[in-house]
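Whole structure, please, built from the sequences with the hints as guidance.
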Amino acid sequence: MRTALNRIGLTFAILVIVSPAVLFFLWMLSLSIKFEIDNASYPPVFIPTRFNWGNYAAVLESKRFVTYLFNTLIVTGSATLFALLVGVPAGYGIARMRARKAAVVILMARITPGLSYLIPLFLLFQWLGLLGTLWPQIIIHLVVTVPIVIWIMIGYFETTPMELEESAVIDGATRWQVFRHVALPIARPGIAVAFILSVIFSWNNFVFGIVLAGRETRTLPVAVYNMISFDQLSWGPLAAAALIVTLPVLLLTVFAQRQIVAGLTAGAVK
Amino acid sequence: MSELTAVRPTAVEVETAKAQWRPISYWPFVIPAMIVVVAVIIFPWAYTIWMSLHEWKVGSQPAFVGFANYLRLPSDARFVESVWHTLVYTALSVALPLILGTLAAVIFNTKFPLRGFFRGLFILPMMATPVAIALVWTMMFHPQLGILNYLLSLVGLPPSLWVFHPATAIPSLVLVETWQWTPLVMLIVLGGLSAIPSEPYESAQIDGATPWQTFRYISLPMIMPFLFIAAMIRMIDAVKSFDIIFAITQGGPGSASETINLYLYSVAFVYYDVGYASAIVVVFFALIVALAGALLHLRQRTHWNESGGSA
Chain A
1 MRTALNRIGL
11 TFAILVIVSP
21 AVLFFLWMLS
31 LSIKFEIDNA
41 SYPPVFIPTR
51 FNWGNYAAVL
61 ESKRFVTYLF
71 NTLIVTGSAT
81 LFALLVGVPA
91 GYGIARMRAR
101 KAAVVILMAR
111 ITPGLSYLIP
121 LFLLFQWLGL
131 LGTLWPQIII
141 HLVVTVPIVI
151 WIMIGYFETT
161 PMELEESAVI
171 DGATRWQVFR
181 HVALPIARPG
191 IAVAFILSVI
201 FSWNNFVFGI
211 VLAGRETRTL
221 PVAVYNMISF
231 DQLSWGPLAA
241 AALIVTLPVL
251 LLTVFAQRQI
261 VAGLTAGAVK
Chain B
1 MSELTAVRPT
11 AVEVETAKAQ
21 WRPISYWPFV
31 IPAMIVVVAV
41 IIFPWAYTIW
51 MSLHEWKVGS
61 QPAFVGFANY
71 LRLPSDARFV
81 ESVWHTLVYT
91 ALSVALPLIL
101 GTLAAVIFNT
111 KFPLRGFFRG
121 LFILPMMATP
131 VAIALVWTMM
141 FHPQLGILNY
151 LLSLVGLPPS
161 LWVFHPATAI
171 PSLVLVETWQ
181 WTPLVMLIVL
191 GGLSAIPSEP
201 YESAQIDGAT
211 PWQTFRYISL
221 PMIMPFLFIA
231 AMIRMIDAVK
241 SFDIIFAITQ
251 GGPGSASETI
261 NLYLYSVAFV
271 YYDVGYASAI
281 VVVFFALIVA
291 LAGALLHLRQ
301 RTHWNESGGS
311 A
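Line by line, the protein sequences are chains A and B.
For what it's worth, the numbering used here labels the leading residue of the first sequence as 1, then goes sequentially.
For what it's worth, the numbering used here labels the leading residue of the second sequence as 1, then goes sequentially.
If you're looking for bench data, these hints aren't it; they were derived computationally from the structure.
From a predicted model like this one, the values you see are computed outputs, not experimental measurements.
There's no promise every hint is true.
[As the list claims (entries may be wrong)] Stretch by stretch, here's where chain A covers chain B in the computed footprint (C-beta under 8 Å, at least three residues): (1) 46-55; (2) 114-122; (3) 287-299.
Glycine included, C-beta positions come from ideal geometry on N, C-alpha and C.
Next comes the structure, spelled out in structure tokens:
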């Protein structure tokens, strides 16, 4: 009897704690598939009886959407790949040198507000004549991606055993060969974690884009924000656009949950 | 890792290998990243300090003015107000997620079917694109058509103006921030809870302790370090919060929800007063470091009290 009561209590508690997240995204979905008349009705229409898929069509078919999607893919893709290229070896080097003090710079970068990078780099990009291209955004996204990758890889390489690497050195391998053929293959799960988090945080970034992006160089979060000023009251297309922008991240979160949790808590607990 | 090193067999070959294992030889791995970090992180820091000592609007020549930009700050009413807004916003955005996140962690620490799936749903808010969710929250805050006022009416409460009234703007934004970041606190605290061995709980159960006593006297002391880390991370993120505030209220109505970060944005990219903006950045960074220091101090003091109490 008592255990049955406990079980009911636990089920109830679980439902209560996950409902703010679940109901929010369901409401977002509901807003995005309703006609304006249903979105503007009171009391609200929770589960629509007629669907306006036109909200999605309007977003996906607009010519600029493709441009903005490509911009986001280029900025996030380049910033993440470049961060892995320099960050994975750096994490390895720092871990093997036991130079934890080098990580202080990464911590300080974590504390510094994003806007503080934006002012000097904005002036630099202006001076270099890069504004109006995607370069400023790719470069400034490194402020986000490089520290994440280095931080996660330091933590990961510190936990991988060194015995294999030592025996490879005894066999006459160069340091680079040891890294390339021994350390790197073992570190694959860690690289996956770094890759996923880097992609998500770069994809979600908004503050760099509102300053550095022009009409043709907007990323999706900036583009969706700019939709508000056009027509404040058409909620359907706006909610559809918002859902399209964040859907890749939500799917990644559901399917790569283990890596995300491992990466975030590793970064937090160390 | 250090324990592992201690118990490793000390064969002669390994010792020879270790001799060649000079730390210095790892520099080539680090140098490319160092160049990037210097270019996009350390250069901006240094340049910001230099700019903060100059009177400089975008498009004009910088003129050295010493500490004049810093001296302007205390008499800038809008800046002083933004500091207060930031402190209130931060205090609430640390406290609420900490309480709710700990509660959620206690629940997630029990075993139940589909736990991983529910945890995945639970962490969605913190991974979702902030601007996208901010747009939906703005719709939910709508005084006439928003779903939040409808929900209030269901339980018999009067409607609120939420982010559209100066008095409720910051609390409403904190609601969004709490919704978004409680999951991170939950994950950190869950990490702490799952590391606690089961023996203390078993003996507490035998002694007939209530769930609250079990939590208060077994779990809470053990997860204290994790709560501290969560508070620290939450503080750093809440102080810097930008996307949510910018997308929902832009610091308004009036300047009711203008935090330092929002004011900084206006000074730098609306008025293009980069010299003054740089001084704000430096003071802002100092404030974050000071708050982190205060948290560290608080932690050491409570730690001292704990050991004093048990002695």
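Original post:
Can you list which hints this structure breaks, lowest number first?
Top reply: The structure conflicts with no hint, since it agrees with every one listed earlier.
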